[in-house]
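With these hints in hand, go ahead and build the complete structure from the sequences.
There are 2 protein chains.
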Amino acid sequence: MNDKPSVIRETDEDARILARDLMHKAAHAALAVIDPETGFPSVSRVLIADDVDGAPLILVSGLSAHTKALMKDPRASMLFGEPGKGDPLAHPRLTVRCSAQRLDRQGDTHERIRMRFLDRHPKSKLYIDFPDFCFFRLIPLDASLNGGFGRAYILSAEDLMTL
Amino acid sequence: MNDKPSVIRETDEDARILARDLMHKAAHAALAVIDPETGFPSVSRVLIADDVDGAPLILVSGLSAHTKALMKDPRASMLFGEPGKGDPLAHPRLTVRCSAQRLDRQGDTHERIRMRFLDRHPKSKLYIDFPDFCFFRLIPLDASLNGGFGRAYILSAEDLMTL
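Line order of the protein sequences matches chains A and B. According to this note's numbering, the residues represented by the first sequence are 1 to 163, in order. According to this note's numbering, the residues represented by the second sequence are 1 to 163, in order.
Derived by calculation from the structure, the hints in this document are not laboratory data. Please note that the accuracy of each hint is not assured.
Which copy? The list can't say, so a pair holds if one copy fits it or any two copies do.
Stated by the list, open to error - Taking lysine to any residue pairs in the SDA-like style, the calculated list, with each CA pair at most 20 Å apart, reads: (1) 123 to 133; (2) 25 to 82; (3) 125 to 148; (4) 68 to 134; (5) 68 to 39; (6) 85 to 18; (7) 125 to 150; (8) 72 to 35; (9) 123 to 146; (10) 123 to 83; (11) 68 to 142; (12) 123 to 90; (13) 85 to 28; (14) 25 to 85.
As the structure is a prediction and not an experimental result, all values here were calculated from the model.
Structure follows, in structure tokens:
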């Protein structure tokens, strides 16, 4: 087995557009973190919005396991792209390796992100300002795009970001 | 913050049935593994079937990143349950902590699992016998069930299994 199997295609503009589209249009994603107690990976569903540069944003409760994990270890992975009808593997999906950055409640960045999240998820106004909730920015490091059978690409952070 | 927040409910038969149902009815899931090169978690989409005892089964290519990861580190996590219409977090989902066991191609176990997988995914006959494909059984260790807002449960392996 090669480290980079020959099925990986050269990244082109179509692949970049597809990847950014999967991130931008997603209202939710699967978020994987490292459980600080066991070292196991742990995957859960999160609501997402995207920042001005395309970075995913999550709003999480301090009581939740994924929040506790990210506070101890910022290494994360996100899966974007929902399967529609038919074969689930025929639909494009994107795995993004990320570093999670917790945001302070004060400042312009928090206000910008709060507005973007509210715009995508109006019902989050019910809990967005709860004191135990906070935002993380998931800074993309690189990604693996599967555009359907035989259409695999490796993307850089630059390929994914819009600024 | 408590280790076990008060929002965790006592596990009852309804919670067990919902969790088993989410695992049993799923045709695909999000699989999180530890990337052996970086130590990051990595989450991707996999087709699944279930074994006679309820354990999830996956058929994976030796070329794929998740297969290489599981060969080095059997610690895994799986997310079951698809969001339907409306708020994605209003729909039940289940995170299962698993230990991945690779299956030999010979023997009755392989034949049973091959038939169960084919039954769930008839199109997999196109590649199920390719020499670089193999099955893993994901042995559940415990799980976190979220049945919708405020309906969280911790389940044991016994709660999840049907034998």
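Hint check results:
| no. | hint | in the structure |
| --- | --- | --- |
| 1 | 123 to 133 | within (15 Å within a copy, 44 Å between copies) |
| 2 | 25 to 82 | both (10 Å within a copy, 17 Å between copies) |
| 3 | 125 to 148 | between (37 Å within a copy, 18 Å between copies) |
| 4 | 68 to 134 | within (12 Å within a copy, 35 Å between copies) |
| 5 | 68 to 39 | both (13 Å within a copy, 18 Å between copies) |
| 6 | 85 to 18 | within (19 Å within a copy, 23 Å between copies) |
| 7 | 125 to 150 | between (42 Å within a copy, 17 Å between copies) |
| 8 | 72 to 35 | both (9 Å within a copy, 18 Å between copies) |
| 9 | 123 to 146 | between (32 Å within a copy, 19 Å between copies) |
| 10 | 123 to 83 | between (25 Å within a copy, 16 Å between copies) |
| 11 | 68 to 142 | between (24 Å within a copy, 18 Å between copies) |
| 12 | 123 to 90 | between (32 Å within a copy, 12 Å between copies) |
| 13 | 85 to 28 | both (18 Å within a copy, 12 Å between copies) |
| 14 | 25 to 85 | both (18 Å within a copy, 15 Å between copies) |
In this structure, none of the earlier numbered hints is contradicted; all agree with it.
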